[in-house]
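Visitor: Here are the chains, one letter per residue:
Protein chains: 2
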Amino acid sequence: MARQAQGGTTPAMNMIDRVCAGDILTRAADLFPDNVAMVDDGRTLTYREFEEQANRMAHSLLGLGLKAGEPVGLLARNCLELMVCYMACAKANLVFAPVNLGLKPHEIAYCLNDCGTRILIVEEALAEAGRALPDQCPDLEFLYSTGTSATSSGDRTWRPFRELIDNGSEHPIEVVVGDRDPVQLLYTSGTTANPKGVVTSHQAVTIAAMSNIIANQLPPEAAMLCQLPLFHCTAVNCLALPTYMMGGKLVLAKGFDARECARLIEEHEVYMLVFLPMMFTEILTDAEASQRDFSSVHRALYAMAPMAESKLQVIHDAFPNADVVLGSGQTEFTPATCLIRPEHQWSKAGSWGTATPMTRVAIMDDHGRLLPPGETGEIVYRGPQVMTEYLNQPEKTGEAFKYGWFHSGDIASIDEDGAIWFTDRKKDIIKTGGENVASLEVERCLIGHPKVAEAAVIGVPHERWGEAITASVILMPDEDAAEEELIEYCREHLAGFKVPKAIVVVEEFPRTGTGKIQKHMIRKGMEGHFSG
Amino acid sequence: MARQAQGGTTPAMNMIDRVCAGDILTRAADLFPDNVAMVDDGRTLTYREFEEQANRMAHSLLGLGLKAGEPVGLLARNCLELMVCYMACAKANLVFAPVNLGLKPHEIAYCLNDCGTRILIVEEALAEAGRALPDQCPDLEFLYSTGTSATSSGDRTWRPFRELIDNGSEHPIEVVVGDRDPVQLLYTSGTTANPKGVVTSHQAVTIAAMSNIIANQLPPEAAMLCQLPLFHCTAVNCLALPTYMMGGKLVLAKGFDARECARLIEEHEVYMLVFLPMMFTEILTDAEASQRDFSSVHRALYAMAPMAESKLQVIHDAFPNADVVLGSGQTEFTPATCLIRPEHQWSKAGSWGTATPMTRVAIMDDHGRLLPPGETGEIVYRGPQVMTEYLNQPEKTGEAFKYGWFHSGDIASIDEDGAIWFTDRKKDIIKTGGENVASLEVERCLIGHPKVAEAAVIGVPHERWGEAITASVILMPDEDAAEEELIEYCREHLAGFKVPKAIVVVEEFPRTGTGKIQKHMIRKGMEGHFSG
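Order-wise, the sequence lines are chains A and B. UniProt numbering numbers the first residue of the first sequence as 1 and each following residue consecutively. UniProt numbering numbers the first residue of the second sequence as 1 and each following residue consecutively.
You may find that some hints are simply not true.
Identical copies go unnamed one by one, so any copy, or any two together, can satisfy a pair.
Subject to a maximum C-alpha distance of 25 Å in a straight line, what follows is the list of computed SDA-like cross-link-like pairs (lysine to any residue) [said to hold, decoys possible]:
no., residue 1, residue 2
1, Lys519, Arg444
2, Lys427, Ala12
3, Lys524, Gln291
4, Lys311, Lys451
5, Lys402, Met13
6, Lys426, Met13
7, Lys104, Glu170
8, Lys519, Glu483
In case anyone wonders, no lab produced these hints; they're calculated from the structure.
Could you build the full structure based on these sequences and the hints that come with them?
Guide: Dropping the structure here:
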C-alpha cells in the first residue's frame, strides 16, 4: 500500500480529507446555524453569520494578493472581528498573527517585522498605537481599522475592516490547506530580549481542540467565558476553538473585571471558564460580584500555579457544581498539556495533574535519557499539538526538539499515578500574570541605569501574579537610589508586565565558589515578601 | 512561513509530532498502566502488558523482514491477540488486515491475495479453515497460530503466536509513521462479487476515535462491551480505539449470545455498548438475561436501522440510565459519521441523527450539486476519517471521491436541524445483520440454478436483520422448484449472511416501460412479509 501525501493529493481530495481549522466553523454552521457563536458586549454573531463573514473575508484577503502561508497582523482586544479574522485566515490558508498588547511599541514593531506581515488590522480603540506602526514596519501595505469609515494619518489610509467582509464573495472558499500548514503565529517571551514567533499548524490546533473537549468533558452548545486575551494560546486554543467545535457560545470580555465577568457568568450560564488564581479571589471578595449565581459553571480551570487547599475550598463553595482543576501548557505545545483529572482535584491539588489525551509527558535528564517515576528532570512532551517551529530561528527550534522530544524548560518529577510535580524552571523565566518574562531582560534593563552595578531578578510567589517579578540590586559605589526611582526607570524601558513589583538594594549576592549568583538563595530569602 | 511535510521532516521530529494509532496505547500505558485494557473470557491484559506485548510483536514483525505498509493477515474472532496485533502493526507501520469470518473460503483467499499479505495469523479454534489457505495464497510465507505449540500441515509449519511476543525486544519501537500512512485494511462487500479492500490511515482512525469519545461523552476508564466482530469498523473504530484512548476496559465476546452479553454488562459495569436492534430484543425477552443489572449503561447505541418508538421505550425502561441512540457509518468513512444526539432521541428517532464532530454531511444530486435542506439526494461526506482508497481499485476509488466529496451510496434528505432522513440506497445493496450484500451477487447465484430464469433480490424490513435478503424469481418454462431447494443452492454458493431468508416464485416482475425491473414495487409488495 502506497504511503500517502498529507491532506489530499489533489485539490478535490484535499477538500475531502484535510484537517483545516476553518472547517471547524463550517461544520458548526451546518449543525447549529442559529446558535450564537460569540457575544461581544451587545453584539452577537450566529454560526451562520460567522461562517458567512469568514468566507467573505477569506476571499477579500486573497483578493489583496496575500499568498498561502502569509501572516495577517492584528492589534485588538477580544472582539468578534478578531475571531472572524482567525477563521478567514484558516479558510484562506493564511496565518492569524495577533500581537500581544502587553508589549512595548518597539516590540510590537519587532513582531510585525519578524513575520513580515503586509497587512495590519487594528481595533479602533487602539488606533493611536496602530498609527505609529507603518513607519516602523516597511512591509506593511494594507491597513485596516475596525472603525466604520476610512481614516488617514500622514500619507497612509486605514480602510474600514467592514470592507473586508462586505466586498468578499459570499461563496464558500475552497483553497488547498495542508494538515501541517501554519494557521497561527503567537509571539512568546524567551530568555533573550526579543519575543519568539511560535508557528502552529491546523493539525495541532484541531487535535488540541478535540483533546480539550475530551479532557474537560465539554458537552454540545455550552457557553465559555473568554476574558483571557485571544492573542494568547489559552484563550484561542482551550476556549475558542473547542467552543466552536461544539456549537457553543464564546462570551467575550475585554480583559478581567470582577463584576463584569461575574455578571457574564450568570447572564450566559457559563459552563466553563479559565481563571488565574487572583481572578477567583477578586470575584469572591467583591461584595457585588460574589452574589451572582455561579451554579451553571461545571469546569473551573485555573492556570499558572497550584493553589492552597483553603483557597480551593472557598472556590468549591462558590462554584458548587464545578470541578476546580489546574491546567498547564505553553504556546509551543498547544495547551492544555496537563490537567488535573476530577478524581485528583484534592489528592493531587499541588501537582500539574496528568497528561491530556493526545499528549505524552516524560522526564528527561540533561543527556537525553528518560527518567523513571520519582526522579527529577526536565518535562518533555510529544504529540501532534506541538509547534512547527520558532519563526526564523532554526537554531532555537532545533534546541527545543533535541533528542526527539519537545523541551518545556520546566523541571519536575512524575509520580506513580502519572501526576506531574513541578519543582523549578530550567531557564531563568518568570511566569507572571499569564506572561513569561526573562529575568535576563529585566536585569539588562536595570544595569542600564547609571546607579546600578549588578542586578538579580527572580520570581517571588504572589497571590495575584502567581510570581511577582522582584529584583535585588547592588548599587555603584557611593550611589544611593530609591526603589521607586528604579521602578520608574524600568517602566520607561520595559513592557508593563515586565516591570518589577519590588526592588531591594543589597550589599552582596549569595554566590557559588566560582562567583555565580545563587538565585535560589535569593528566592528563599524573599519568599514571604508579598504575603501578609 | 514554509509549508511543512506531514508528521515530521526527520525521524526524531516524526516521533514528536506524528499521529500514530500506536501512540494511543503508549499514552494509555503511561497514565493507566495497571488498568485492565481487555478482558477475554478469563484472560485479561493490563495497559502495561498490552504496551509491552505490542512493542515486542512489532519488533518481531519487522524482524521477519516485513516492510512499511505491508499488510498482516488475520483470521480470528475477538481475542486479546487480535488487538495486540493491531497495535503492533500501528507501531511498526504495518497494516492490520483481519478477514471477515462470514466470507466463504474462496473469498477469504481472494482478500489475502488481493493485499498480497506474506503473513497470516490464525486463531487456534479456526485452524482448520486456516490450513487450506496457504495453498490458495502463494504470497504467504509466515504462518502463525494462537495455539501454544508449532503444528504442521503438509509441508507448512504454523508457528505459535506466542513466539512473536516472546522473541521480540521489549524496548519501545521507534519507526517513522506518517499521519496518512495506512494502518488498517478492512474488506467490504460492494456491488460486484469481490470484496473491496478499504485502506484507512492513522490520521483517520485517530480522529475518529476522538470524535467518537466526544460524540458519546465517554469518560475516562469506562468499560465497553465488544461483541461485534473486530474485523468490522464499528468494533475496532467506535469501541476499541476510543476505549484505549480513555484508559478504559474493552470487554470482548466472541459474537452475540444474549445471556453471556447480559452477564458481561453486569459483571464489568459496562458503560457503553453498540447493539443491532435484534440484540436488544433477544436480551430483553430472555428470562435469564433480562434479569441482569443494566444500570451502569449510559450509552446504548443501535446500528443499521431506526426502531419503532414502542421498542425504544422498552429499551429505555430496561436501560434506565442510558441514552439510546442510532449510530451510522461505513467502512469507507470511519464511523460514526452520524449519531442521534441525546436531545433528539425521541423527536428524531426515525432519522440517522446529525453529523459527528469531525464529519461534514451534505446531500448531492447526480450532477455534483449540493442540495438545500429538505431536498433528496445522495449523502456525501467530508472529513479526515475518510478512507485513503480502495486497494488496487483506482477507478472505484475515483468514483467514490467524485466532485470532491465521498459518496456514501445512501439517499436521504437533511432537515432544518441537520438531522438526516434516510430514504433509499443508491446502489443495489442490502444491509443485513451489519453486513453489506450486493443484490447482484445473490441474483447471479440464483440464475446459476438450472431452474431459475430471472431473479430480483431486495432487502425487506426485518426485526432481527434490519433488512432480510429476499428474492423474487421467475422459473424456466415448465419448471417447478421449492423455496428450500433454492435456498439450499444459495447456501452452497454464497457466504452464510448472503443467503436469502425467503425466496418467492412469481410469474412476472413489475417493470418500467423499457423493461427495467422496478425493485421498489417488489419491495412495497413484500413489506410485511416478515412481520407478525
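Visitor: Hint by hint, note whether the structure agrees.
Guide: Structure-based check of each hint:
For a Cα distance limit of 25 Å, the shortest separation of Lys519 from Arg444 inside one copy, 16 Å, qualifies, whereas the shortest one across copies, 84 Å, does not. Proximity of Lys427 and Ala12 under a CA criterion of 25 Å is satisfied inter-copy only: 23 Å between copies versus 46 Å inside one chain copy. For a Cα distance limit of 25 Å, the shortest separation of Lys524 from Gln291 qualifies neither inside one copy, at 39 Å, nor across copies, at 64 Å. When the C-alpha separation of Lys311 and Lys451 is checked against a cutoff of 25 Å, the pair qualifies neither within a copy, at 41 Å, nor between copies, at 85 Å.
Proximity of Lys402 to Met13 under the C-alpha cut-off of 25 Å is restricted to the inter-copy arrangement: shortest distance 9 Å between copies versus 35 Å within a copy. In the homo-oligomer, the alpha carbons of Lys426 and Met13 lie at most 25 Å apart only across protomers (22 Å), although the nearest pairing inside one protomer, at 45 Å, exceeds that limit. In the homo-oligomer, the alpha carbons of Lys104 and Glu170 never lie at most 25 Å apart, since the shortest distance is 38 Å inside one protomer and 53 Å across protomers. Only within a single protomer do Lys519 and Glu483 lie at most 25 Å apart by alpha-carbon distance; the minimum there is 20 Å, versus 91 Å between protomers.
Taken one by one, the earlier hints fail for this structure at numbers 3, 4, 7, listed in ascending order.
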